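Protein chains: 2
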Amino acid sequence: MSTSDVTDNTGTGAPVPPQTPQVGPADAARYESRFSALASGTTSSVMRDLMAITEKADIISLAGGLPDTETFPREIYDEIAGEIGTDFLASSLQYGPTDGMGELREQIAKVMADEGARARVDDIMITTGGQQAIDLSIRTFVDRGDTVMAEGPTYPGAAPCFTAYGADVTHVPMDDDGMREDLFEEAYERLVAEGRPPKILYTIPNFQNPAGVTMSLERREKLVEFAHEVGLLIIEDNPYGQIRFEGEPLPTLYELDDGAGWVVYLGTFSKILAPGMRVGWAVAPPQVLRKMNLGKQAADLCSSTYNQRFVTEYLKRYDYREHVARVCELYRGRRDAMLEALEARFPAEATWTRPRGGLFVWATLPDFIDTTALQAKALERQVAFVPGEGAFLDGRGKNSMRLNFSSVPESVITEGVGRLGEVIGDVIDLHDALNPGGR
Amino acid sequence: MSTSDVTDNTGTGAPVPPQTPQVGPADAARYESRFSALASGTTSSVMRDLMAITEKADIISLAGGLPDTETFPREIYDEIAGEIGTDFLASSLQYGPTDGMGELREQIAKVMADEGARARVDDIMITTGGQQAIDLSIRTFVDRGDTVMAEGPTYPGAAPCFTAYGADVTHVPMDDDGMREDLFEEAYERLVAEGRPPKILYTIPNFQNPAGVTMSLERREKLVEFAHEVGLLIIEDNPYGQIRFEGEPLPTLYELDDGAGWVVYLGTFSKILAPGMRVGWAVAPPQVLRKMNLGKQAADLCSSTYNQRFVTEYLKRYDYREHVARVCELYRGRRDAMLEALEARFPAEATWTRPRGGLFVWATLPDFIDTTALQAKALERQVAFVPGEGAFLDGRGKNSMRLNFSSVPESVITEGVGRLGEVIGDVIDLHDALNPGGR
Numbered sequence: 288m289s290t291s292d293v294t295d296n297t298g299t300g301a302p303v304p305p306q307t308p309q310v311g312p313a314d315a316a317r318y319e320s321r322f323s324a325l326a327s328g329t330t331s332s333v334m335r336d337l338m339a340i341t342e343k344a345d346i347i348s349l350a351g352g353l354p355d356t357e358t359f360p361r362e363i364y365d366e367i368a369g370e371i372g373t374d375f376l377a378s379s380l381q382y383g384p385t386d387g388m389g390e391l392r393e394q395i396a397k398v399m400a401d402e403g404a405r406a407r408v409d410d411i412m413i414t415t416g417g418q419q420a421i422d423l424s425i426r427t428f429v430d431r432g433d434t435v436m437a438e439g440p441t442y443p444g445a446a447p448c449f450t451a452y453g454a455d456v457t458h459v460p461m462d463d464d465g466m467r468e469d470l471f472e473e474a475y476e477r478l479v480a481e482g483r484p485p486k487i488l489y490t491i492p493n494f495q496n497p498a499g500v501t502m503s504l505e506r507r508e509k510l511v512e513f514a515h516e517v518g519l520l521i522i523e524d525n526p527y528g529q530i531r532f533e534g535e536p537l538p539t540l541y542e543l544d545d546g547a548g549w550v551v552y553l554g555t556f557s558k559i560l561a562p563g564m565r566v567g568w569a570v571a572p573p574q575v576l577r578k579m580n581l582g583k584q585a586a587d588l589c590s591s592t593y594n595q596r597f598v599t600e601y602l603k604r605y606d607y608r609e610h611v612a613r614v615c616e617l618y619r620g621r622r623d624a625m626l627e628a629l630e631a632r633f634p635a636e637a638t639w640t641r642p643r644g645g646l647f648v649w650a651t652l653p654d655f656i657d658t659t660a661l662q663a664k665a666l667e668r669q670v671a672f673v674p675g676e677g678a679f680l681d682g683r684g685k686n687s688m689r690l691n692f693s694s695v696p697e698s699v700i701t702e703g704v705g706r707l708g709e710v711i712g713d714v715i716d717l718h719d720a721l722n723p724g725g726r
Numbered sequence: 288m289s290t291s292d293v294t295d296n297t298g299t300g301a302p303v304p305p306q307t308p309q310v311g312p313a314d315a316a317r318y319e320s321r322f323s324a325l326a327s328g329t330t331s332s333v334m335r336d337l338m339a340i341t342e343k344a345d346i347i348s349l350a351g352g353l354p355d356t357e358t359f360p361r362e363i364y365d366e367i368a369g370e371i372g373t374d375f376l377a378s379s380l381q382y383g384p385t386d387g388m389g390e391l392r393e394q395i396a397k398v399m400a401d402e403g404a405r406a407r408v409d410d411i412m413i414t415t416g417g418q419q420a421i422d423l424s425i426r427t428f429v430d431r432g433d434t435v436m437a438e439g440p441t442y443p444g445a446a447p448c449f450t451a452y453g454a455d456v457t458h459v460p461m462d463d464d465g466m467r468e469d470l471f472e473e474a475y476e477r478l479v480a481e482g483r484p485p486k487i488l489y490t491i492p493n494f495q496n497p498a499g500v501t502m503s504l505e506r507r508e509k510l511v512e513f514a515h516e517v518g519l520l521i522i523e524d525n526p527y528g529q530i531r532f533e534g535e536p537l538p539t540l541y542e543l544d545d546g547a548g549w550v551v552y553l554g555t556f557s558k559i560l561a562p563g564m565r566v567g568w569a570v571a572p573p574q575v576l577r578k579m580n581l582g583k584q585a586a587d588l589c590s591s592t593y594n595q596r597f598v599t600e601y602l603k604r605y606d607y608r609e610h611v612a613r614v615c616e617l618y619r620g621r622r623d624a625m626l627e628a629l630e631a632r633f634p635a636e637a638t639w640t641r642p643r644g645g646l647f648v649w650a651t652l653p654d655f656i657d658t659t660a661l662q663a664k665a666l667e668r669q670v671a672f673v674p675g676e677g678a679f680l681d682g683r684g685k686n687s688m689r690l691n692f693s694s695v696p697e698s699v700i701t702e703g704v705g706r707l708g709e710v711i712g713d714v715i716d717l718h719d720a721l722n723p724g725g726r
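Chains A and B, in that order, give the protein sequences.
Our numbering applies: residue 288 is where the first sequence begins, and numbers increase by one.
Our numbering applies: residue 288 is where the second sequence begins, and numbers increase by one.
To be clear, the hints were calculated from the coordinates, so they are not data collected in a lab.
Check each hint, because a few of them may be wrong.
What the hints assert, rightly or not - Short derived list, chain B residues pointing at chain A, Cβ under 7 Å:
no.	residue
1	Ala315
2	Tyr364
3	Gln574
What the hints assert, rightly or not - With a Cα cut of at most 20 Å, we get these calculated DMTMM-like pairs of lysine to aspartate or glutamate:
no.	chain 1	residue 1	chain 2	residue 2
4	B	Lys486	A	Glu319
5	A	Lys509	A	Asp462
6	B	Lys509	B	Asp463
7	B	Lys486	B	Glu516
8	B	Lys486	A	Asp314
9	B	Lys664	B	Asp713
10	A	Lys664	A	Asp345
11	A	Lys486	B	Asp314
12	A	Lys486	B	Glu319
13	A	Lys685	A	Glu636
Source: prediction; values computed, not measured.
Yeah, the Cβ is synthetic: ideal placement off N, Cα and C, and Gly gets one too.
Same shape as in the complex, but just chain A (with noise of 0.2 Å):
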């Protein structure tokens, strides 16, 4: 082109002529040969993928892991975008220290001390979401081949991290008091004898994303005394803690570790406040939050100004215990239904666990079933979920799908469950009529 089709093409209204795509897939290997190790092992979280699908069409998601935010009311909003307005206009459009405002990190440390957790405001970072500080935490630690060990399932977002920055993971498995203590301390010997000691252990104590678990007291004291004692770092990851809809809260891992140093906490907004703010923080010793904090210049120089400032003054003006009390008896009736729909309409093969937090369900179903296979056939039936092969990296998971109850009303979960218990049970069927010598 001339340098006249530029100038004559400054309009803002102007249609933009389309670019014809000149690359074909004969050009698409000169970009594999160009790719680098992270981003050619960088595999795809399948929530994400599923969040694609889902929002396109008229389909009842129980794959998503999105909050209720019609709750959030109109006239507190009003208030915090007017008070922005008046008094923090320039500084909420400009750009901010990369370890976030200080106001923010004061309000967090009293966030952290409604769970228990005293936290030093110094030792606290403002990340873009919680995702961030997962992120950051594991680049932080992780090298190509190192060993990690997290919860199986794990959380299916936390994968992609694992996966880029070639993270061998070693997953422990959980019942209803959460991570098998006792088997988590043989894996971590069984590694060390191996010659390949963990680097750190990612864990959801807390109404566990996928699995809705949730770690016990005396487990997590266990856990604590033996990072202690072998020296190992925890990464606590902590977006569901204040979701509760009965017992007593427990002690982080981070409170129990007591400033020994060997806990990073991951916390964040999205789930007691709204996730499109994109606002989470990480606590951890200073010589690792310094990592972190030059990782996330790298990575986006700062988080918005504006979300922080938003956030700060909600929790100056208002309570926000009150909000998540009201989200907690939605969720609650919403968990009763899907927790009612499972046994009403799944097929006595499958087995599911039973939260008392959080947003998930997770069910297991016979062995034979697929469920990523599985998913093709609920989409035809207008239903999603997440199948549980995305919670794991040894390919484990198969026969098991994480299903959301926070996203829609609880007709809609009755009715979801229903469809996906009838897409099972004909698979089901099918097995039984191809093996009749029985399974």
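Add chain B to chain A, keeping to what the hints say.
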């Protein structure tokens, strides 16, 4: 601690008992031995560290790259914030797709058309500021030890990305017409002959940060022609293209590539709207975009839907070019004030660039001056700049400095440059006194 401590400590308003840090200097080694190569290699962004310093004290900062956000009209903010509350509240607080809102990507295609760059909406992804676009594009291609080419000096904020992923950076000199294309070709051929062909070229053709110079049309055409010939991927970073004070716009490398797929284009709203929103974008061939998207899934799931909605509504309702025109008018006066002050107050031994747009002037001092050391003396006089060393990855740049003219009023620029001139003059006088035989 006991469980009862936790349940006793649940009041939001309750003071947070300070946790005694138990990690002494003796324990620091425990973390050092556990850090990943990526974390150990990541250097600090000199600009970011300076921001922390200059924020705290009453300092004239010529160090930042801060756009002026005071000029953003309150009534426009109110209208957009109100509109979000009325029509988009729940969706703006919710998660969004990883590649960004479709409506915003359509608006971005129009913004790019204003610079004569015809991009397909499907080839655009939203990023958390321009910095994330840089990070994702570099991590998509660069493995430890890979050769990367960049201008010398290069953007100091890209330096941590290069060091994190282990890039071996070869710098190409610039003059008033931007990167010396002839020297670029020479360096490229030499690197190929040495068996380390460059993976990518990272370049800022318009009003380069930090040098302030702009690549001529002739060099752009030659560069793209050469890239096509040898098969070189170019990452074109264009944050300042529309911040032009004089002269005609030049075509982007992306447009000159004409759909051949050798240019990845990076843009941002930080300079034409507001950095606090953290909304940037990348345009790339589908295969590359897919990898960058997987990287973003791991990095932060999605950019703030609230901020994406804010920018979308702004672009739909207002002609952003009017705001850009106001900003350019303001910055032009500030650039003039800086050039005048440099002429009047800097020693005869210094030289500097004369930018026709953007935010920065690059000054070069006698080679016996180390600007990193000079910074301490400047801070004593309450004035800050970015030492040139941070813009090179090979130790060069020690006698140079980046001066920003967008953040502070003209009178403050004059005062700041004056103080700097005195500090530099003192160092030159001292040097001359110690070296009576001449330099």
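To see whether the hints hold, each was checked on the structure:
Look at alanine 315 of chain B: its Cβ gets to within about 5 Å of chain A, closer than 7 Å, so that hint holds up. Hint on tyrosine 364 of chain B holds. Least Cβ distance to chain A is approximately 5 Å, under the 7 Å limit. Taken as an interface hint, glutamine 574 of chain B checks out: its beta carbon lies about 4 Å from the nearest beta carbon of chain A, inside 7 Å. For a cut-off of 20 Å, the pair hint linking lysine 486 of chain B to glutamate 319 of chain A stands: about 12 Å separates their Cα positions.
Taken as a hint, the lysine 509 of chain A and aspartate 462 of chain A pair is honoured in the structure, with Cα atoms around 16 Å apart against an allowance of 20 Å. For the hint linking lysine 509 of chain B to aspartate 463 of chain B, the alpha-carbon distance of about 17 Å falls within 20 Å, and the restraint holds. Distance check on the hinted pair: lysine 486 of chain B and glutamate 516 of chain B sit about 15 Å apart at the alpha-carbon level, within 20 Å; holds. For the hint linking lysine 486 of chain B to aspartate 314 of chain A, the alpha-carbon distance of about 17 Å falls within 20 Å, and the restraint holds.
Taking the CA atoms of lysine 664 of chain B and aspartate 713 of chain B, the gap is near 10 Å; set against the 20 Å cutoff, the hint holds. Of the pairs offered as hints, the one joining lysine 664 of chain A and aspartate 345 of chain A holds, with about 15 Å between alpha carbons and a cut-off of 20 Å not exceeded. A distance of roughly 17 Å separates the Cα atoms of lysine 486 of chain A and aspartate 314 of chain B; the hinted pair therefore holds under the 20 Å criterion. Proposed proximity of lysine 486 of chain A and glutamate 319 of chain B is supported: the alpha carbons are some 12 Å apart, at most 20 Å.
Between lysine 685 of chain A and glutamate 636 of chain A the alpha-carbon distance is near 15 Å, which keeps this suggested pair within the 20 Å criterion.
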